[in-house]
Amino acid sequence: MNIRLQIEQIVSKAFEAMGYDAALGEVTVSNRPDLCQFQCNGAMAAAKRYKANPFTVATAVVERLSQEPMFRSVEVARPGFINLSVTDAVIADTLTRMLADDRLGLPTMPPKTIVMDYGGANVAKPLHVGHLRTAIIGRSLSAVARFLGHRVITDVHLGDWGLQMGQVIALSAELYPDLPYFDADFTGPYPDVPPYDLAELDRIYPEASGRCKVDTEFAERAKQATAELQTGRPGYRALWQHIRAISVADLRRNYDRLDATFDLWYGESDAAPYVQPALQLLRDKGLLVESEGAMIVDVSRPEDTEPMPPILLVKSNGSDIYGSTDLATIYQREQDFHPDEMWYMVDTRQTLHFKQVFRCARLGGIASPETAFHHVNNGTINGSDGKPFKTRAGGVMRLSTLIDMAVEAAYEKTGSGEVQLSEETRRQVAETVGVAALKVGDLVNHRARDYIFDTERFLQSEGKTGPYLQYCAVRIQSVLKKAPEGTYTSLQNPASDTERDLMLCLQRVGDTLLRTHEEKAPNILCEMLFDIAGLFNRFYGETRILSCADEAQRASWLTLLTLTLRMLNLLLDLLGIQVPENM
RNA sequence: GCGCCUGUAGCUCAGUCGGAUAGAGCAACGGCCUUCUAAGCCGUGGGCCAGGGGUUCGAAUCCCUUCAGGCGCGCCA
Numbered sequence: 186m187n188i189r190l191q192i193e194q195i196v197s198k199a200f201e202a203m204g205y206d207a208a209l210g211e212v213t214v215s216n217r218p219d220l221c222q223f224q225c226n227g228a229m230a231a232a233k234r235y236k237a238n239p240f241t242v243a244t245a246v247v248e249r250l251s252q253e254p255m256f257r258s259v260e261v262a263r264p265g266f267i268n269l270s271v272t273d274a275v276i277a278d279t280l281t282r283m284l285a286d287d288r289l290g291l292p293t294m295p296p297k298t299i300v301m302d303y304g305g306a307n308v309a310k311p312l313h314v315g316h317l318r319t320a321i322i323g324r325s326l327s328a329v330a331r332f333l334g335h336r337v338i339t340d341v342h343l344g345d346w347g348l349q350m351g352q353v354i355a356l357s358a359e360l361y362p363d364l365p366y367f368d369a370d371f372t373g374p375y376p377d378v379p380p381y382d383l384a385e386l387d388r389i390y391p392e393a394s395g396r397c398k399v400d401t402e403f404a405e406r407a408k409q410a411t412a413e414l415q416t417g418r419p420g421y422r423a424l425w426q427h428i429r430a431i432s433v434a435d436l437r438r439n440y441d442r443l444d445a446t447f448d449l450w451y452g453e454s455d456a457a458p459y460v461q462p463a464l465q466l467l468r469d470k471g472l473l474v475e476s477e478g479a480m481i482v483d484v485s486r487p488e489d490t491e492p493m494p495p496i497l498l499v500k501s502n503g504s505d506i507y508g509s510t511d512l513a514t515i516y517q518r519e520q521d522f523h524p525d526e527m528w529y530m531v532d533t534r535q536t537l538h539f540k541q542v543f544r545c546a547r548l549g550g551i552a553s554p555e556t557a558f559h560h561v562n563n564g565t566i567n568g569s570d571g572k573p574f575k576t577r578a579g580g581v582m583r584l585s586t587l588i589d590m591a592v593e594a595a596y597e598k599t600g601s602g603e604v605q606l607s608e609e610t611r612r613q614v615a616e617t618v619g620v621a622a623l624k625v626g627d628l629v630n631h632r633a634r635d636y637i638f639d640t641e642r643f644l645q646s647e648g649k650t651g652p653y654l655q656y657c658a659v660r661i662q663s664v665l666k667k668a669p670e671g672t673y674t675s676l677q678n679p680a681s682d683t684e685r686d687l688m689l690c691l692q693r694v695g696d697t698l699l700r701t702h703e704e705k706a707p708n709i710l711c712e713m714l715f716d717i718a719g720l721f722n723r724f725y726g727e728t729r730i731l732s733c734a735d736e737a738q739r740a741s742w743l744t745l746l747t748l749t750l751r752m753l754n755l756l757l758d759l760l761g762i763q764v765p766e767n768m
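Per my numbering, numbering through the first sequence is continuous, rising by one, with the last residue being 768.
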């Protein structure tokens with residue numbers, strides 16, 4: 186148990202013993218480190234609630250705490266702040282116990298089954314920079330949840346069933362009319378080899394998409410092709426399989442580089458068999474009604490303050506739409522996993538859509554009433570004009586291009602230090618460092634907010650960046666490598682303010698992980714890493730570790746380095762960031 | 001038109017769901033490598049938290065309002 190929690194229990198008991206609500210004993214890390222390490226503001230809340238004098242309440246609480254041996258000081262400040270600091274022995278002892286634990290003393294939660302849907306990749310469309318966020322956020326939140334003890338199932342949920350497939354098929358039919366996929370009378374087996382490669386596919390989609398905007402007749406053919414694909418036209422299905430395979434191979438390459446892994450590589454198409462069962466549930470309840478040729482469900486509620494339009498589930502031409510595939514996916518996930526929670530890491534612009542889908546799933550009994558839905562919305566990556574980021578040429582920047590740029594920038598810098606690296610090592614280091622720069626460049630921003638995309642920022646490796654965190658770990662590794670053989674398992678009291686701050690920082694990681702999970706905000710964890718690394722770097726600058734003549738002191742410091750390194754590695758791993766040996 | 005979101009240092013962003021003196025990084029300026037990796041450390045300057053009202057012991061945070069920007073509102077996902 187961390188120090189804050191230990192204090193909280195004691196303070197809560199004091200409040201309770203005085204007849205106040207124990208919850209008033211909530212203890213937080215001090216925001217005035219010059220005055221104290223921890224604080225409790227409950228006396229002021231108590232004063233309000235029980236019509237008492239805050240200073241008197243605080244003083245009475247402090248009275249009860251003064252006997253506790255763990256405190257170095259317990260004071261009341263101005264209106265009614267209770268300021269608390271613990272003895273150095275408590276700090277050293279807590280860290281020593283953390284080090285003895287495989288999990289570094291970090292907490293677990295009562296396990297839940299959580300399906301996390303992130304990635305948002307579309308078949309036939311290359312990943313662009315906009316896909317960076319959901320991949321990185323989903324990757325880190327799923328890892329945090331798993332570490333806290335949850336059973337997490339991640340699903341890339343490919344867009345492989347929508348109009349963009351029909352667009353590609355329609356244009357393919359025009360470009361390669363002689364292929365058997367388009368011959369309705371063709372009976373024999375379709376070719377095993379795809380009709381074109383990734384590069385060709387990359388050309389086809391943008392052209393097809395562009396055509397639809399200016400050529401209504403072509404757009405109609407694309408919609409028709411989509412409908413026929415969904416109803417199972419064999420040639421279209423065969424071609425679609427090829428397109429899917431080509432595309433997925435490419436998506437995997439990109440996601441692998443970001444260390445974004447998925448338990449399930451399902452797509453919308455895998456939910457297709459569940460569309461009818463899901464719709465039937467709605468039909469049985471009389472919720473699915475016809476409107477202008479389409480089928481819709483009214484999901485509004487009397488208490489709504491914001492407008493809540495009906496959700497459209499079947500297009501007038503009979504095709505599925507994302508509303509119905511999303512419901513079918515919920516149906517499938519309920520059946521397969523009975524999850525306690527479903528998280529959707531999707532752009533914030535789809536907020537209304539997910540409200541509709543979640544409500545509809547409840548109304549129709551498609552989801553269990555106990556299943557909690559969360560749209561873990563992420564903001565948009567904008568250009569400096571405040572609109573979704575475009576390259577100078579006006580196009581979207583590919584994710585692979587951005588990764589390459591970051592890795593290249595890291596490569597230029599790698600090996601500029603004093604450690605000589607072989608070319609091969611240099612390449613490997615550049616890959617991990619470049620990717621770390623990208624990831625942290627994104628993760629420092631709050632998940633739900635739009636942010637301005639700046640290439641320079643992502644290529645940076647100084648200051649508040651991924652490489653800064655890696656470099657900190659590399660330095661520790663380097664010291665530990667040069668340290669005398671020995672087992673370092675016990676810490677002495679801190680010898681300086683900086684060392685004490687570092688130790689206090691390490692003991693609050695548990696709280697940070699819980700909050701990261703609760704708020705589904707990886708930037709919280711990211712901030713923690715910078716707190717640790719920043720304090721360590723300061724400590725490192727102030728302290729000559731290896732040349733310290735006092736052997737016990739040196740051993741204690743090496744223990745602290747061991748713990749710090751293990752913590753950095755653990756947290757960086759949760760963010761999907763690797764630490765190189767040297768850099 | 002209706003609704004949602006955002007506005008914090010020159011720039012990019014944090015800000016622990018009402019707490020004490022609003023923090024980082026970049027950029028600028030000044031220091032620190034013959035001793036553990038300088039992708040580092042130390043220091044300086046920089047703010048009417050968009051504006052205005054309110055709620056209370058106390059507001060960047062909650063309520064109202066004005067202004068500015070973004071996004072969404074049935075056959076794309």
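If you are wondering where the hints come from, they were derived from the structure by calculation, not from laboratory data.
Careful: at least some of the hints might be erroneous.
To be verified - Simulated crosslink set (DSBU-like; lysine-lysine; CA at most 30 angstroms straight-line):
no., residue 1, residue 2
1, Lys667, Lys310
2, Lys649, Lys572
3, Lys500, Lys540
4, Lys598, Lys408
5, Lys470, Lys398
6, Lys297, Lys540
7, Lys398, Lys572
8, Lys572, Lys540
9, Lys572, Lys297
10, Lys408, Lys649
11, Lys408, Lys297
12, Lys470, Lys310
13, Lys667, Lys705
14, Lys667, Lys598
15, Lys500, Lys470
16, Lys598, Lys575
17, Lys649, Lys398
18, Lys297, Lys310
19, Lys198, Lys398
20, Lys575, Lys705
What the hints assert, rightly or not - Quick list of the computed label-pair ranges, beta carbon to beta carbon:
no., residue 1, residue 2, range
21, Glu766, Arg263, 34 to 44 angstroms
22, Leu665, Asp206, 46 to 56 angstroms
23, Asp206, Glu766, 51 to 61 angstroms
24, Ala557, Thr446, 34 to 44 angstroms
25, Ser675, Lys575, 55 to 65 angstroms
26, Glu766, Arg249, 51 to 61 angstroms
By construction, the Cβ of each residue, glycine as well, lies at the ideal position given by its N, Cα and C atoms.
Checked hints:
1. Between lysine 667 and lysine 310, the direct Cα distance comes to roughly 50 angstroms. Violation of the 30 angstroms bound is thereby established for this hinted pair.
2. The suggested pairing of lysine 649 with lysine 572 holds, with an alpha-carbon distance near 25 angstroms, which does not exceed 30 angstroms.
3. As the CA atoms of lysine 500 and lysine 540 are separated by approximately 20 angstroms, the hinted pair is consistent with the 30 angstroms bound.
4. Between lysine 598 and lysine 408 the CA atoms are separated by roughly 50 angstroms; this puts the pair beyond 30 angstroms, and the hint is violated.
5. Proposed proximity of lysine 470 and lysine 398 is contradicted: the alpha carbons are some 39 angstroms apart, above 30 angstroms.
6. Distance restraint check for lysine 297 and lysine 540: the Cα-Cα separation of roughly 23 angstroms lies within the 30 angstroms cut-off, and the hinted pair is therefore satisfied.
7. Taking the CA atoms of lysine 398 and lysine 572, the gap is about 21 angstroms. The hint holds against a cut of 30 angstroms.
8. For the suggested pair lysine 572 and lysine 540, the alpha carbons sit about 25 angstroms apart, so the restraint of at most 30 angstroms is met.
9. With a C-alpha separation of about 38 angstroms, the suggested pair lysine 572 and lysine 297 falls outside the 30 angstroms cut-off, and the hint is violated.
10. Taken as a hint, the lysine 408 and lysine 649 pair is broken in the structure, with Cα atoms around 48 angstroms apart against an allowance of 30 angstroms.
11. Distance hint between lysine 408 and lysine 297 is unfulfilled; the C-alpha atoms sit about 41 angstroms from each other, more than 30 angstroms.
12. Taking the CA atoms of lysine 470 and lysine 310, the gap is about 38 angstroms. The hint is violated against a cut of 30 angstroms.
13. Distance check on the hinted pair: lysine 667 and lysine 705 sit about 40 angstroms apart at the alpha-carbon level, beyond 30 angstroms; violated.
14. Restraint check for lysine 667 and lysine 598: the C-alpha separation of about 25 angstroms stays at or below 30 angstroms, so the hint holds.
15. Annotation: proposed proximity of lysine 500 to lysine 470 holds, straight-line Cα distance about 20 angstroms (limit 30 angstroms).
16. Annotation: proposed proximity of lysine 598 to lysine 575 holds, straight-line Cα distance about 27 angstroms (limit 30 angstroms).
17. Distance check on the hinted pair: lysine 649 and lysine 398 sit about 43 angstroms apart at the alpha-carbon level, beyond 30 angstroms; violated.
18. Under the criterion of a C-alpha separation no larger than 30 angstroms, the hint pairing lysine 297 with lysine 310 is inconsistent with the structure, at around 34 angstroms.
19. For the suggested pair lysine 198 and lysine 398, the alpha carbons sit about 67 angstroms apart, so the restraint of at most 30 angstroms is broken.
20. Between lysine 575 and lysine 705 the CA atoms are separated by roughly 28 angstroms; this keeps the pair inside 30 angstroms, and the hint holds.
21. About 51 angstroms separates the C-beta atoms of glutamate 766 and arginine 263, a value inconsistent with the hinted range of 34 to 44 angstroms.
22. As the Cβ distance of leucine 665 to aspartate 206 is approximately 47 angstroms, the hint placing it in 46 to 56 angstroms holds.
23. As the Cβ distance of aspartate 206 to glutamate 766 is approximately 53 angstroms, the hint placing it in 51 to 61 angstroms holds.
24. At about 24 angstroms, the CB distance of alanine 557 to threonine 446 disagrees with the hint of 34 to 44 angstroms.
25. Distance hint check for serine 675 and lysine 575: the Cβ-Cβ separation is about 57 angstroms, which falls inside the suggested range of 55 to 65 angstroms.
26. For glutamate 766 and arginine 249, the hinted distance range of 51 to 61 angstroms is satisfied, since their beta carbons lie about 52 angstroms from each other.
Taken one by one, the earlier hints fail for this structure at numbers 1, 4, 5, 9, 10, 11, 12, 13, 17, 18, 19, 21 and 24, listed in ascending order.
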